[in-house]
Amino acid sequence: MSIIDDVLEAILEGKKNPSEIASELKLDREEVEGAINILQSLGYVERIEKGSNACSSCPLKKVCGGSCVLPKSRTYVVTEKAFSLKNHSQ
Amino acid sequence: MAMKVVALAGNPNVGKTTVFNALTGMRQHVGNWPGVTVEKKEGVFEYKGERFLVVDLPGTYSLTAHSIDELVARNFLLNGNPDVIVNIVDATSILRNLFLTMEIFDMGLKNVVIALNKMDLAEKRGIKIDIRKMAETLGVPVVPMSAKEGVGIEELKETVYNVAHGKVRPNPVTPTYDPDVEREIRHISMALSQTELTERYPVRWLAIKLLQRDDEVMKLVLRYLGEEKLKEIMGHIGEAEAKYGRAMDLILASQKYEFIDNLMHRFIRYTKSEGINLTDQLDRLLIHPLYGFLALGIVFYVVFKFVFAIGLPLQGVLDDSFSAFGEWLAPHIASETLRGLLVDGIIGGVGAVLSFFPLVFLLFLSLSVLEDVGYMARVAVLMEKLMRKFGLPGKAVIPLILGLGCNVPAVMATRTLDEERDRLVAMFVNPFIPCSARLSVISFISGAFFAKHHALVAVSVYLLAIVVALLSARFVSTFLVKGEETPFVIELPDYLIPSWKTVLLHSWERSKEFVQKAGTVILFGSIFIWYLSNYPLPVGTGSSYAEKIGMFFEPYMKLMSLDWKAAVSLLFGIIAKENVISTYGILYGSADALVNAMTPLQAYVLAVVTTLYIPCIATIAAIRAESNWRWAAIVTVYMIFVASLVGITVWHLGSVLGY
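If you read the protein sequences in the order shown, they are chains P and W. Heads up, the first sequence is in the numbering used here, so the first residue is 1 and it goes up one at a time. Heads up, the second sequence is in the numbering used here, so the first residue is 1 and it goes up one at a time.
In case anyone wonders, no lab produced these hints; they're calculated from the structure. Predicted model, so just to flag it, every value in this text is computed and none were measured. All C-beta atoms, glycine included, are put in the ideal place defined by N, C-alpha and C. Incorrect hints may appear among the rest.
Claimed, not checked - Ranges between beta-carbon positions, derived for each pair:
hint: 1; chain 1: W; residue 1: Ala451; chain 2: P; residue 2: Gly43; range: 21 to 31 Å
hint: 2; chain 1: W; residue 1: Thr37; chain 2: P; residue 2: Ser84; range: 39 to 49 Å
hint: 3; chain 1: W; residue 1: Leu282; chain 2: P; residue 2: Gly43; range: 47 to 57 Å
hint: 4; chain 1: W; residue 1: Thr195; chain 2: P; residue 2: Glu24; range: 16 to 26 Å
hint: 5; chain 1: P; residue 1: Glu24; chain 2: W; residue 2: Gly316; range: 17 to 27 Å
hint: 6; chain 1: W; residue 1: Gly25; chain 2: P; residue 2: Ser84; range: 30 to 40 Å
hint: 7; chain 1: W; residue 1: Leu559; chain 2: P; residue 2: Glu24; range: 44 to 54 Å
hint: 8; chain 1: W; residue 1: Glu50; chain 2: P; residue 2: Ser84; range: 44 to 54 Å
hint: 9; chain 1: P; residue 1: Gly43; chain 2: W; residue 2: Gly49; range: 30 to 40 Å
hint: 10; chain 1: P; residue 1: Ser84; chain 2: W; residue 2: Gly108; range: 39 to 49 Å
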């Protein structure tokens with residue numbers, strides 16, 4: 001098992017942020033973030049849009065000056081590909 | 001003579017655009033890559049009398065075919081015949097960046113130059129990179145740079161020139177995998193050899209991509225070798241995967257990562273405590289399950305303290321100014337009806353709301369600073385942990401935080417949740433999160449009734465709303481909609497000093513909406529409320545429409561010790577929450593009259609009920625649009641019930657405690 005496998009497994013197990021994963025796997029946070037980027041490239045996780053879609057399709061867009069409070073985080077969700085991998089290994 | 005072509009490749013956010021701009025200056029052209037809506041930037045630079053065409057490729061982490069950006073970058077590297085490939089690598093996160101470098105090396109491309117950017121930042125973090133050894137290990141020239149400061153640009157031009165003219169001949173290292181994988185690569189390479197494909201593409205790269213089940217390469221093989229051969233190769237790959245018990249793309253990526261890790265140790269060393277930078281140190285505290293919440297409470301207490309300390313005196317000045325303007329205007333209007341409408345209705349109602357502009361602006365300013373610093377992302381992580389404990393899907397945290405600004409886009413943002421169950425739960429809970437409109441009401445009540453502890457009162461109302469939201473999540477996920485959660489991960493940004501220009505601009509954009517609303521919804525609301533409170537007879541006679549409507553609800557309001565005026569205010573608050581303030585402004589005439597008419601406990605109950613009682617009409621419409629009428633009705637009825645329950649409880653509890 002390598003960093004990439006371990007990180008994917010940690011996400012599938014329910015670890016929710018790179019710091020948490022890094023601390024469990026005794027890695028640097030940036031290594032974990034790097035692994036997440038690679039997993040994204042491979043199609044195992046995908047980035048979800050936060051509020052930008054909601055704002056652009058909001059019915060109040062014309063009158064709204066931009067009330068949306070958007071945290072600068074990036075959220076990734078596990079894809080079917082990762083699930084099938086998990087199910088396959090079980 | 002045709003210009004030499006230089007391709008810029010790199011991960012997102014490595015400073016690729018800065019390097020591109022530094023190289024090309026103003027000589028740029030922006031268009032689209034053929035057939036796709038991916039931006040293509042080209043520019044020209046001159047060096048030693050020769051012109052070079054620079055093509056900025058989309059930022060990618062690898063060169064698989066999962067995204068259009070990756071495909072565009074890959075196709076250009078393979079088919080665009082660049083004379084030099086400048087791979088921009090972030091010196092502060094080499095491991096992640098070299099993954100793309102190895103993908104380029106896998107392609108068998110030789111003319112590669114590494115522009116090692118952000119060297120200044122790497123040094124600050126105690127990352128020591130031996131440039132000579134790095135170049136030796138990787139087999140390509142490495143140019144250390146700090147593109148933002150303009151450091152290394154001339155050296156990069158010189159290196160590009162030398163490589164383009166064959167004065168420097170790079171010999172990139174070939175990423176290797178374990179013996180079993182290498183055997184698979186050889187096996188597939190043999191199957192592919194002696195076909196036309198190998199004349200156009202590096203055979204080793206084709207084999208690796210087939211092992212990864214790359215759609216585009218599979219299509220190529222199908223076209224050149226036919227279905228039978230492709231089936232045979234894929235069958236073989238399937239057998240290999242079965243042997244490993246894992247997908248080959250994951251195996252290859254893992255081994256590539258290990259390969260890079262091994263190489264890195266030859267040229268990189270960390271002189272400071274690696275990984276424990278300021279961000280990590282702060283995160284240990286700020287996303288800690290216990291200290292994190294304490295810190296959150298303190299942060300928001302400080303925010304409200306700041307907002308009230310500066311905002312309330314300004315609010316007082318504005319309020320006095322509107323009153324003085326009304327007093328000045330009144331004698332100039334002969335018609336009693338018009339005078340009442342302008343002075344009591346419009347200036348009294350809209351002015352009462354507008355006087356809160358300083359508080360709203362300061363709160364948005366504080367939120368923008370917290371956002372820009374990166375703290376709101378930590379709030380998301382903290383809340384997510386809490387929400388999961390209460391049965392709310394963790395991913396709903398983003399819509400919930402959006403709700404601090406406005407509940408309408410927050411409800412729309414529940415679309416990002418995959419499961420119907422998650423969406424319904426998030427929509428159910430979302431309206432409990434106090435939006436900026438409710439902030440005006442909370443500020444109004446805290447400022448008017450709790451001179452000493454206004455910040456504490458405001459934080460307590462927010463806290464109560466969050467507790468109610470969490471308990472509601474538990475209720476709805478237990479009794480109404482059940483399901484399982486999709487795993488996800490939140491990546492946090494580094495803490496940064498905020499850009500004041502961005503923060504001020506953002507705060508103004510958000511606050512502007514408040515003024516616009518005062519000039520539209522609140523204005524018409526105020527006129528209507530003034531009419532209801534003066535016809536057919538003025539308030540106080542018991543015959544005004546407002547009193548009649550309010551009296552109908554008063555027995556219910558009395559359960560939480562509120563009167564008919566509260567009923568009318570809350571009713572108009574459904575259109576826009578700020579109407580609660582304007583209605584009070586019209587019904588009481590002045591803030592002093594209101595303060596004399598209510599006890600602090602009654603005011604607190606009003607603040608709590610206003611925060612919880614019902615979403616505004618736009619939010620109800622958004623819930624209906626995102627689900628159905630039934631769900632919108634359930635949410636509305638539930639909120640009225642919960643607000644009443646909490647209001648009655650707070651009133652009785654406060655009375656028992658002697659408030």
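Violated constraints from the hint list, given by number and in increasing order: 1, 2, 3, 4, 5, 6, 9, 10
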